[in-house]
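Visitor: Sequence:
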Amino acid sequence: MRRHDQGAERPTTEEPAKRGLRHDLDARARAARSDFDARARAARSDFEASIRQRRADFDARNEALTARTGRNLPAAIGIALAFAVVMLAALLIWKPAFMVVAAFLLGVGVYELASAMRFAGRDVPRIPSVAVAIAVVPAAFIGGQVPALFTLLGGIVLISAWRLVEVAFARTKPPVGNVARDLTNGLFVQAYISLLGACVVLLSREDRGQLWVIAFILVVVAVDTGAYATGLNLGKHPMAPRISPKKTWEGFAGSVAASIVVGIIVSWLLLGLPWWTGVVMGVLISGSATLGDLTESMIKRDLGIKDISSFLPGHGGLLDRIDSILPSAAVAYVLYLIVNH
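For the sequence shown, my numbering assigns the number 23 to the initial residue and increments by one for each residue that follows.
Note that these hints are calculated values from the structure, not bench results. Among the hints, erroneous ones may be present.
[Said to hold, decoys possible] Listed next, with one range per pair, are the computed distances between beta-carbon atoms:
#1 Trp298 <-> Trp116: 43 to 49 Å
#2 Val361 <-> Phe69: 57 to 63 Å
#3 Val283 <-> Ile164: 33 to 39 Å
#4 Asn362 <-> Phe126: 27 to 33 Å
#5 Pro118 <-> Gln75: 46 to 52 Å
No residue lacks a Cβ here, since even glycine has one placed at the ideal position from N, Cα and C.
Model the full structure from these sequences, guided by the hints.
Guide: This is the structure in structure tokens:
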């Protein structure tokens with residue numbers, strides 16, 4: 023009986039010890055969890071601070087680069103890549119789809135330039151100007167040179183008549199000199215954008231013409247890239263300080279070298295032509311692309327604006343991105359006709 027009582031007393035003496043041990047283990051677990059949570063919060067704070075610092079450094083470098091180059095380079099590259107994907111898909115999958123791409127580019131470009139001129143007090147009718155630019159595209163792709171030319175000439179007559187009707191019904195008649203300036207500016211918009219843009223469409227409709235379009239645009243990209251890289255790092259002698267202060271002779275030399283290299287590559291691998299054709303293409307397009315860039319800079323300086331529009335937020339309008347392509351399209355089309363006829 024005594025042994026039974028002693029055995030029954032053991033649990034009562036061991037319970038506090040077990041509870042104490044369990045309490046100690048729980049306290050240690052809570053302390054470990056608290057320490058882990060503290061470490062996790064500290065690591066998260068450090069990670070977020072690192073991300074903010076990297077973002078600040080990136081923004082600072084981007085602002086410095088924008089100040090040196092005059093444009094938002096990452097945005098420009100992103101938009102250029104987007105346009106490249108759309109254009110390649112249209113040219114390589116189904117050529118008639120390229121009419122939609124070309125009509126969009128020319129229509130927006132004409133609208134931007136006509137709007138900029140109207141902002142500067144030069145009343146170029148926008149509705150007929152855009153309509154003519156769009157109409158030239160199917161005329162060139164489906165009909166060829168003659169229908170495109172007659173569409174353009176008829177469109178110029180329409181734009182001029184539209185402006186004269188506006189003047190006739192205006193309460194306050196503008197001076198004759200201003201009206202003549204409006205008419206010549208309307209003609210210039212069509213010659214600069216619609217006529218040169220039609221050359222891209224005419225080239226695309228030819229046999230293997232889509233490859234020529236891709237080739238000459240790659241050379242234009244090489245011109246822009248070569249001029250940018252060389253001018254940014256080595257540029258010291260301004261090329262046309264009154265028109266485009268940031269364009270240098272060193273940058274132009276870099277653009278010529280880059281365009282020749284890319285011209286040889288695309289002529290050999292893409293067009294199946296002798297290497298010297300690429301040299302000719304590179305030299306001519308480096309000149310036409312530079313001329314196109316300077317022409318648009320001169321237009322903006324004449325109108326007293328920095329960018330043609332804000333269609334592409336952060337770095338100007340669409341015309342600012344295709345100014346080098348337009349005159350280069352005419353050069354590429356003439357080269358195609360010489361090589362293939």
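Visitor: All hints, please: hold or fail.
Guide: Hints versus structure:
Distance hint check for tryptophan 298 and tryptophan 116: the Cβ-Cβ separation is about 33 Å, which falls outside the suggested range of 43 to 49 Å. At roughly 58 Å, the beta-carbon separation of valine 361 and phenylalanine 69 lies within the given 57 to 63 Å, and the hint holds. Checking the proposed 33 to 39 Å range against valine 283 and isoleucine 164 shows it holds: the Cβ atoms sit about 36 Å from each other. Taking the beta carbon of each, asparagine 362 and phenylalanine 126 are about 28 Å apart, inside 27 to 33 Å as hinted.
The given range of 46 to 52 Å is respected by proline 118 and glutamine 75, whose C-beta atoms sit roughly 51 Å from each other.
Comparing the model with each numbered hint stated earlier shows that hint 1 is the single one that does not hold.
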